[in-house]
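S.K.: Those sequence lines, one after another, are chains A and B.
Sequential numbering of the first sequence, starting at 1, is according to the working numbering.
Sequential numbering of the second sequence, starting at 379, is according to the working numbering.
Please keep in mind that the hints were generated in silico from the structure rather than gathered at the bench.
We put the beta carbon where it would ideally sit given N, CA and C, even for glycine.
You may find that some hints are simply not true.
Straight-line Cα separation of at most 25 angstroms, SDA-like style, residue types lysine to any residue; simulated pairs [what the hints assert, rightly or not]:
#1 B:K559 - A:V236
#2 A:K242 - B:A699
#3 A:K181 - B:A699
#4 A:K181 - B:A613
#5 A:K242 - B:A567
#6 A:K57 - A:I73
#7 B:K468 - B:A567
#8 B:K559 - A:R174
#9 B:K551 - B:P570
#10 B:K551 - A:D28
#11 B:K621 - B:A699
Which chain A residues stay away from chain B? Per the calculated CB distances, all over 10 angstroms, these [to be verified]:
#12 A182
#13 E292
#14 L352
To give a feel for the contact side, a few chain A residues facing chain B, derived at Cβ under 8 angstroms [what the hints assert, rightly or not]:
#15 I17
#16 T25
#17 P126
#18 V161
There are 2 protein chains.
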Amino acid sequence: MLFSSTNRDTTRLQSIIRITRAISTVNDLHTLITLLASETSKVLNVERSTVFLYNRKTDELWSYVAEGESNEIRFSADQGIAGSVFQTTKTIILNNVSDDERFNKDIDDTTGFVTRNMITAPIINPSGHCIGVFQVINKEGGNFRDDDAEFLQIVASEAAVTIENVRLLESRKRMFDSLIKALVISIEARDPLTAGHSFDVTFLAGKIAEYLKLDKDTSEAIYYAALLHDYGKIAVPDSILKKPGKLSTEEFSILRKHVQHTRIILSPIEFEERLEQVPVFASQHHERIDGEGYPDGLKGDEISIGGKIIAVADVFEALTAKRHYREPFTLNKTLNILIEGIDTQFDRDAVLALRQYFIDIGKIKPEEVPLEQDKNVL
Amino acid sequence: MLFSSTNRDTTRLQSIIRITRAISTVNDLHTLITLLASETSKVLNVERSTVFLYNRKTDELWSYVAEGESNEIRFSADQGIAGSVFQTTKTIILNNVSDDERFNKDIDDTTGFVTRNMITAPIINPSGHCIGVFQVINKEGGNFRDDDAEFLQIVASEAAVTIENVRLLESRKRMFDSLIKALVISIEARDPLTAGHSFDVTFLAGKIAEYLKLDKDTSEAIYYAALLHDYGKIAVPDSILKKPGKLSTEEFSILRKHVQHTRIILSPIEFEERLEQVPVFASQHHERIDGEGYPDGLKGDEISIGGKIIAVADVFEALTAKRHYREPFTLNKTLNILIEGIDTQFDRDAVLALRQYFIDIGKIKPEEVPLEQDKNVL
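The whole structure should be built from the sequences, with the hints applied where relevant.
M.R.: Following this line, the structure appears as structure tokens:
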């Protein structure tokens with residue numbers, strides 16, 4: 001079927017409208033690029049579209065989205081038409097692949113697909129670097145035209161911007177996360193006996209959050225708060241932090257101040273909106289449900305969900321770890337202490353979640369950690 | 379002049395192609411949104427386009443880009459047609475503004491502009507929040523149609539995605555920066571007498587980088603490296619770090635190890651590619667041009683540009699600050715010590731840049747800090 005050029009433009013405009021809508025509403029990159037590929041196949045009337053991305057470490061192009069192919073396609077970044085487009089960053093229209101010696105038959109041989117004609121456009125990011133290629137194969141009922149290539153380039157541009165934004169955001173997040181981990185490691189290194197504590201607390205707090213089905217943002221805020229909950233210990237002198245014996249009352253009161261320091265240090269950090277609660281969560285891990293905790297003596301739901309969860313994870317980790325003055329407690333003993341402290345020291349839901357987690361992974365039997373139903377009724 | 383709908387679609391497709399190209403190549407947000415506004419005015423044949431963004435703190439809409447207006451327009455986010463679209467997130471087509479009592483005449487009264495008709499579309503970010511509105515005013519030769527609104531919504535979507543990406547990247551950067559500052563403050567708090575040192579070194583290193591006309595990425599890497607150069611001191615015990623008197627040889631050798639610790643702590647951080655050199659820059663601030671520095675005894679250009687610059691800024695700051703055992707040196711004396719150390723302890727260019735900076739801001743006269751030309755010839 002033949003369209004007039006203006007009919008074709010209407011179809012293409014509608015397609016770009018759909019693509020733009022998708023970009024502004026779909027959050028998952030792979031879903032989005034898959035949608036770009038299928039829109040492109042439909043509009044250009046081709047058999048399949050493939051998006052290859054460049055892997056710098058292996059110097060290869062690999063199929064991020066390949067319509068009709070379940071296996072990943074992967075080849076050296078200077079091979080075939082795709083490699084050539086990647087290297088030169090020039091679009092290639094090829095209406096008869098056998099005309100071009102750069103065409104790599106191996107992929108057809110492997111996949112069993114027969115390529116007749118193709119357009120391959122570079123995917124160029126806003127900094128001007130080629131990050132992959134967008135390929136459409138086998139136009140039905142005719143040759144590829146220049147305006148097909150123009151359309152493909154537009155979709156490739158949309159893909160480039162989206163991929164690049166996701167990558168930048170992810171690399172900035174990795175930078176932030178790895179900085180936090182580096183500082184937690186460096187601070188815990190002051191006392192070899194507690195090294196690793198914050199990471200273990202973070203893992204357990206994450207498990208509790210998961211069992212309580214908290215939303216993604218709250219869980220992420222708890223993750224950072226758990227990592228940073230003891231950060232304030234940087235303000236506690238070595239003489240107290242590393243003291244091998246028990247602390248005097250005065251020394252203990254200085255040690256307790258670490259939660260205020262955690263809050264003071266973390267508060268000026270401009271967390272993203274969804275992570276705003278991190279300083280609050282982090283500095284409430286010594287509050288108690290009965291109001292007997294510190295620093296603020298908050299009661300019950302005055303304590304944030306993050307504070308309640310980290311408190312449970314923190315005590316669990318401390319009891320099951322070795323200390324200068326005692327051996328680690330068993331899992332059984334520790335969980336029973338936590339259960340004993342429900343509604344006085346600890347939040348009920350957080351303790352039950354942790355108990356359930358250890359039951360589910362087979363580390364303990366329910367009868368070893370009974371719930372005192374009678375007490376709960378009171 | 380009347381177009382057929384398909385001719386109009388061709389024009390619109392071409393416009394969206396230009397917009398997409400711009401989004402994938404223009405890095406500055408304001409330039410880009412200005413371009414989106416002018417494309418929109420041209421394609422929809424209107425007198426002017428305005429992009430209002432929402433300011434959460436003041437609960438106002440303000441004109442981020444307003445064609446034909448040099449003054450900022452700013453009003454409460456529930457006022458007028460724009461406010462109504464912002465609140466309801468529904469596009470409004472208004473072919474006769476006097477028909478609608480929500481229309482706010484005040485703005486026309488202030489700007490002297492006469493509004494006849496308009497379309498106002500919400501700018502909705504990928505999380506579904508309305509972040510502003512896109513408004514086109516006074517269509518020439520006729521009424522606005524539904525497909526004009528459709529086009530405007532597409533451009534508004536493009537704007538939304540772009541604005542949101544820039545905001546997310548910036549907020550992630552602020553989070554990273556403020557975390558680094560928080561940790562530098564917390565570490566320096568261990569010794570009140572050196573508190574602020576890293577920030578002063580960072581300021582001076584930045585000035586030197588500026589005078590040496592270093593590129594943006596290198597300057598930014600130097601910024602972070604200068605902030606973090608003494609981070610390794612976290613591994614130095616209080617007894618040495620806070621010792622009021624002079625250190626013994628052994629204590630001094632432990633103190634010197636802080637540069638290795640800086641490197642060890644910073645190396646696992648997954649800095650963005652352009653900041654990869656931060657751990658290297660930070661851990662070379664005690665190297666000397668003549669190879670007599672530490673930890674690696676590197677010579678001349680074996681030392682990174684960042685290491686050379688931070689070394690100069692670090693010594694400058696240390697000498698001009700008060701220490702337990704001495705009063706601060708004068709600017710004059712300090713700069714002459716640095717000049718004396720050119721080509722032995724310090725990099726020539728870095729010292730000359732710092733000298734020039736203090737001359738330029740009028741803090742010192744050239745004749746007070748003479749260069750030993752004779753020595754330089756040797």
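S.K.: Indicate, hint by hint, whether the structure satisfies it.
M.R.: Do the hints match the structure? See the list:
1. Note on K559 of chain B and V236 of chain A: the hinted pairing holds, with a Cα-Cα distance of about 19 angstroms set against a maximum of 25 angstroms.
2. In summary, the hint linking K242 of chain A to A699 of chain B is not supported, as the alpha carbons are separated by about 31 angstroms, beyond the 25 angstroms threshold.
3. Restraint check for K181 of chain A and A699 of chain B: the C-alpha separation of about 32 angstroms exceeds 25 angstroms, so the hint is violated.
4. Taken as a hint, the K181 of chain A and A613 of chain B pair is honoured in the structure, with Cα atoms around 16 angstroms apart against an allowance of 25 angstroms.
5. Proximity of K242 of chain A to A567 of chain B is assessed by CA-CA distance (about 19 angstroms); at most 25 angstroms being required, the pair is judged to hold.
6. Of the pairs offered as hints, the one joining K57 of chain A and I73 of chain A holds, with about 16 angstroms between alpha carbons and a cut-off of 25 angstroms not exceeded.
7. For the suggested pair K468 of chain B and A567 of chain B, the alpha carbons sit about 53 angstroms apart, so the restraint of at most 25 angstroms is broken.
8. The hinted pair formed by K559 of chain B and R174 of chain A meets the criterion: a straight-line CA distance of about 18 angstroms does not exceed 25 angstroms.
9. The straight-line distance between the Cα atoms of K551 of chain B and P570 of chain B is roughly 28 angstroms, outside the 25 angstroms bound, and the hint therefore fails.
10. Distance check on the hinted pair: K551 of chain B and D28 of chain A sit about 22 angstroms apart at the alpha-carbon level, within 25 angstroms; holds.
11. Our distance criterion of 25 angstroms between C-alpha atoms is met by K621 of chain B and A699 of chain B, whose separation comes to about 17 angstroms.
12. At roughly 5 angstroms, the least C-beta separation between A182 of chain A and chain B is not larger than 10 angstroms, which violates its mark as non-interface.
13. For E292 of chain A, the condition that its CB be more than 10 angstroms from all CB atoms of chain B holds, with the nearest at approximately 29 angstroms.
14. The beta carbon of L352 of chain A is kept farther than 10 angstroms from every beta carbon of chain B, the shortest such distance being approximately 33 angstroms.
15. Satisfaction of the interface hint for I17 of chain A is found here, the shortest Cβ-Cβ separation to chain B being roughly 5 angstroms, below the 8 angstroms cut-off.
16. Evaluation of the T25 of chain A hint against chain B yields a held restraint, the C-beta minimum of about 6 angstroms falling below 8 angstroms.
17. The restraint placing P126 of chain A at the interface with chain B holds, with a minimum CB-CB distance near 6 angstroms, inside the 8 angstroms limit.
18. This hint holds: V161 of chain A has a C-beta 5 angstroms from the nearest C-beta of chain B, less than the 8 angstroms allowed.
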